[in-house]
Amino acid sequence: MVEPVRKLLEKKVESPEELENLRQSILAKRDPKRTCITVCGGTACRASGAEAVVEAFVDEIERRELQVQVSLKETGCHGFCERGPLVVIEPKKLFYQRVTPDDVEEIIDETILAGRVVERLLYTDPTTKETVTYEPDVPFYKKQTRNVFGTNGTIDPTNIEDYIAIGGYAALSKALFQMTPENIVDEVQKSGLRGRGGGGFPTGRKWQSCHEAKSKVKYVICNADEGDPGAYQDRSLLEGNPHSILEGMIIGARAIGSHQGYIYVRNEYPLAVRHARIAIEQAMDYGLLGRNILGSGFDFNITINKGGGAFVCGESSALMASLEGKVGEPKAKYVHMAEKGLWERPSLLNNVKTWANVPLIINKGADWYAQLGTQGSKGTMIFSLVGNIVNTGLVEVPMGITLRDMIFDIGGGIPEGKKFKAVQTGGPSGGCIPEQFLDTPVDFDELTKLGSMMGSGGMIVMDEDTCMVDVARYFIEFLKGESCGKCTPCREGINRMSQILSNITRGKGKPEDLDTLQDLAEVLSAGALCALGQTAANPVLSTIRYFKDEYLAHINDKKCPAGVCRELVSFSIDPEKCEGCMRCIRECPTGAVSGEKKQPHTINQDMCISCGACYDVCKFGAVIKR
Amino acid sequence: MKVWINGETSIEIEHAEGVGVVHFTVDDKEVAVSGGQTILEALERMDGIGNIPALCHHPAVKPYGACRICTVEVSEDGGNRFKFVAACLYPVKEGLIVKTQTEKIKKLRKGIIELLLARCPNVQRIKELADEYGVEKPRFVLGDQDCILCGLCVRACQEIIGKSAISLVNRGIYKEVAAPFYAYELSGDCIGCGDCAFVCPTGAIEMGDDGRPNLPKVKIPYAEIEAMTKKESIATS
Chain P
0 MVEPVRKLLE
10 KKVESPEELE
20 NLRQSILAKR
30 DPKRTCITVC
40 GGTACRASGA
50 EAVVEAFVDE
60 IERRELQVQV
70 SLKETGCHGF
80 CERGPLVVIE
90 PKKLFYQRVT
100 PDDVEEIIDE
110 TILAGRVVER
120 LLYTDPTTKE
130 TVTYEPDVPF
140 YKKQTRNVFG
150 TNGTIDPTNI
160 EDYIAIGGYA
170 ALSKALFQMT
180 PENIVDEVQK
190 SGLRGRGGGG
200 FPTGRKWQSC
210 HEAKSKVKYV
220 ICNADEGDPG
230 AYQDRSLLEG
240 NPHSILEGMI
250 IGARAIGSHQ
260 GYIYVRNEYP
270 LAVRHARIAI
280 EQAMDYGLLG
290 RNILGSGFDF
300 NITINKGGGA
310 FVCGESSALM
320 ASLEGKVGEP
330 KAKYVHMAEK
340 GLWERPSLLN
350 NVKTWANVPL
360 IINKGADWYA
370 QLGTQGSKGT
380 MIFSLVGNIV
390 NTGLVEVPMG
400 ITLRDMIFDI
410 GGGIPEGKKF
420 KAVQTGGPSG
430 GCIPEQFLDT
440 PVDFDELTKL
450 GSMMGSGGMI
460 VMDEDTCMVD
470 VARYFIEFLK
480 GESCGKCTPC
490 REGINRMSQI
500 LSNITRGKGK
510 PEDLDTLQDL
520 AEVLSAGALC
530 ALGQTAANPV
540 LSTIRYFKDE
550 YLAHINDKKC
560 PAGVCRELVS
570 FSIDPEKCEG
580 CMRCIRECPT
590 GAVSGEKKQP
600 HTINQDMCIS
610 CGACYDVCKF
620 GAVIKR
Chain S
1153 MKVWINGETS
1163 IEIEHAEGVG
1173 VVHFTVDDKE
1183 VAVSGGQTIL
1193 EALERMDGIG
1203 NIPALCHHPA
1213 VKPYGACRIC
1223 TVEVSEDGGN
1233 RFKFVAACLY
1243 PVKEGLIVKT
1253 QTEKIKKLRK
1263 GIIELLLARC
1273 PNVQRIKELA
1283 DEYGVEKPRF
1293 VLGDQDCILC
1303 GLCVRACQEI
1313 IGKSAISLVN
1323 RGIYKEVAAP
1333 FYAYELSGDC
1343 IGCGDCAFVC
1353 PTGAIEMGDD
1363 GRPNLPKVKI
1373 PYAEIEAMTK
1383 KESIATS
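If you read the protein sequences in the order shown, they are chains P and S. Under this note's numbering, the first residue of the first sequence carries the number 0, and numbering increases by one thereafter. Under this note's numbering, the first residue of the second sequence carries the number 1153, and numbering increases by one thereafter.
The shape of chain P in the complex, shown without the other chains (with noise of 0.2 Å):
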């Protein structure tokens, strides 16, 4: 590990030029052709065991005395979740994928020692069965644009002077000294950024107001209450460089005349707490965060306060009221946050990707970051590709890049050959847009005329075995979860249309629920309180929108195309097919399947409760599912 350099020098960083000579002096002490093995520590890949290999590879290190020739860092989410546990070996970018503890040893003999490639750890394409050596060449990165997401991989997250190194920090010096307020928010508002938490606001319109509000006290709030099912990508940033969020709020809090801000996030993100706390105590260290920042003479602190995990807190009326340490309730926003936020006073929340994009804009200006992206969306978008999907991870593409392309050429296509049947975007108050419209460009606009949104990013795929009508009631299901409960037509009307959808879903819809779910939708988008409550209806719409014959399959015929839901589906046994094997009769949960070995089994349908048990388990295909 290397020694900080700060350490030394035992005094802040006080103007721009200290710290481009900290940056030249970091630089200076690493030698860029040193062998540095990077482990991803993200969420997935520490949930797939990269914590044991980091430990396998500080072992093995010591135990030759390597420490002098190689380093070890590990860092944030390198995105590409699937093939996790990560490890990258620089300065080639040499790339293993699905390294265990066991292989490091024979990583350290052959790679780092003798200079070899360790070819059973290398990727290979399962489309054209290429073997990819370094990380730049693998497909699933190759069509990507990792502007914020990118030096994610190449970075201790918890070492200040790795982000320094990469010129950090930079943009917050140009934006105190070479910029007034005005040209920041001039520049942010050039830039076309919108809010990437999910309804994409103009950002520079919001900075806007919140610099004009007159108040002494102004605040700027970092939300990081990802709450969407399948999403982690606000996540990966805070847990992955959380010096780029830190810089984006300096920025934002010396365009609007803010000296205190806060970072919520979830207590369930334990590691990104974590990381945050000690990038904010580096940056006070080094005099980029507190008093008198590089010597400007402007002031700015930052909290960090951990929400309990009501979904609804990611809401910014509902979480600056958990910030004043009252109830998670949403309030009415016809006057402004901008204006009237946190206790009363103007403030300038964004969210963890909206502000991790600021030090790009400041850096390479306006005009560099509306260069991609489409006409009203601007820059990339960071997504979570999750679902049956054959890469999962997190993705970086400039807005306006297709659902086809995203799905197909990044994310692989659907596992095991099956067919795609659709793509749920924008988390629980999403829709979901069926195969016909791949081809669609995504960004705010265009999502949100198919009856879908962007959110904060999620996307979810499904293949041909999925049940729209089950997946509606999935998502109504949680909402209903996580409604604050405050207003009537959130409160009870999600709570109608889950009981609606569950008795659809059971065979016992009748025709004219579907009326009865557009009546709620209505209700809902028209009535609620949040956005919460006026987005909740979109499951249910864009699937009655685009699967409507699903719905009918269940309501009138009281069956499920996909085979999903549970009391719709009956299973048999093809006595033709059956070998007799007996497997199923052990798998059986509730003794259905009886018969004698070598003689076709049979399945007694009042004790069949439809699990699917014994045709997951059938080698022979005997089991007919109904």
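Think of the hints as simulated: they come from the structure by calculation, not from any bench. It is possible that part of the hints are untrue.
[Claimed, not checked] Computed cross-link-like contacts, DSBU-like style, restricted to lysine-lysine with a CA-CA straight-line distance of at most 30 Å:
#, chain 1, residue 1, chain 2, residue 2
1, S, K1289, P, K332
2, P, K339, S, K1315
3, P, K173, S, K1279
4, P, K507, S, K1289
5, S, K1315, S, K1214
6, P, K332, S, K1258
7, S, K1259, P, K448
8, S, K1258, P, K547
9, S, K1315, P, K547
10, P, K509, S, K1262
11, P, K325, S, K1289
12, P, K507, S, K1279
13, S, K1245, P, K332
14, S, K1256, P, K448
15, S, K1214, P, K305
16, S, K1256, P, K547
17, P, K332, S, K1256
18, S, K1258, P, K448
19, S, K1315, P, K448
20, S, K1214, P, K332
21, P, K624, P, K558
22, P, K91, P, K142
23, S, K1154, P, K339
24, P, K305, S, K1235
25, P, K509, S, K1258
26, P, K509, S, K1279
27, P, K509, S, K1256
28, S, K1245, S, K1279
29, S, K1214, P, K339
30, S, K1235, P, K189
31, S, K1262, P, K32
32, P, K213, S, K1259
33, S, K1315, P, K509
34, S, K1289, P, K547
35, S, K1214, P, K448
We have chain P; now place chain S onto it with these hints.
Then chain S, alone, in the frame of chain P:
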């Protein structure tokens, strides 16, 4: 110009003068009121102008915006674009156009009242609203609760008495009025003033013989939840 002071009477004036006077239109009638108040507050004092029902509103406590039946359509750009807002929270503004009785509004209120009636089929105030907006029988399984969770009792206890002896606890469909932290009994903070019972729009709170309020019992559908989880656990075991 003609300015309406209530549903029947208008006066001719050149321009209503005064500090912070705001002119706006309600259902095609020009009115002038002092600024800094909400649409609902302004219209409460002008009998016969507009028709805005409200359940969670009480002039003695701060607006809350929970029941949503006071929703109206407003336009800030002279009538080009209208949006739905809660009249109890939306501030009056110069030149605002307010519509309180459009077809869309009636349909929305009908929808909300249907939901409330399904929750509380025996509450007189809700039944009256249902009659007014043409809700016959809700299309949903009927509940048997009296409390609509408007929060008036809780707000009265906190804002007027300064006690917070009762609170809204839990969230979503499990939300209910209870002693803070789900204590079994009301603490000594309850002074038995009866404010909560007085402001309750549905009569869900009555004063008990011990001089303390009997809080509405929200019947949480535990049986339903249990039945569902049981089924799931068979399948996954």
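Hints, one by one, checked against the model:
no. : hint               : result
1   : S/K1289 to P/K332  : violated (34 Å)
2   : P/K339 to S/K1315  : holds (27 Å)
3   : P/K173 to S/K1279  : violated (65 Å)
4   : P/K507 to S/K1289  : holds (20 Å)
5   : S/K1315 to S/K1214 : holds (16 Å)
6   : P/K332 to S/K1258  : holds (23 Å)
7   : S/K1259 to P/K448  : holds (25 Å)
8   : S/K1258 to P/K547  : holds (28 Å)
9   : S/K1315 to P/K547  : violated (53 Å)
10  : P/K509 to S/K1262  : holds (22 Å)
11  : P/K325 to S/K1289  : violated (38 Å)
12  : P/K507 to S/K1279  : holds (29 Å)
13  : S/K1245 to P/K332  : holds (15 Å)
14  : S/K1256 to P/K448  : holds (22 Å)
15  : S/K1214 to P/K305  : holds (29 Å)
16  : S/K1256 to P/K547  : holds (26 Å)
17  : P/K332 to S/K1256  : holds (22 Å)
18  : S/K1258 to P/K448  : holds (27 Å)
19  : S/K1315 to P/K448  : violated (49 Å)
20  : S/K1214 to P/K332  : holds (15 Å)
21  : P/K624 to P/K558   : holds (11 Å)
22  : P/K91 to P/K142    : holds (20 Å)
23  : S/K1154 to P/K339  : violated (35 Å)
24  : P/K305 to S/K1235  : violated (35 Å)
25  : P/K509 to S/K1258  : holds (26 Å)
26  : P/K509 to S/K1279  : holds (26 Å)
27  : P/K509 to S/K1256  : holds (26 Å)
28  : S/K1245 to S/K1279 : violated (34 Å)
29  : S/K1214 to P/K339  : holds (17 Å)
30  : S/K1235 to P/K189  : holds (29 Å)
31  : S/K1262 to P/K32   : violated (72 Å)
32  : P/K213 to S/K1259  : violated (41 Å)
33  : S/K1315 to P/K509  : violated (49 Å)
34  : S/K1289 to P/K547  : holds (27 Å)
35  : S/K1214 to P/K448  : violated (38 Å)
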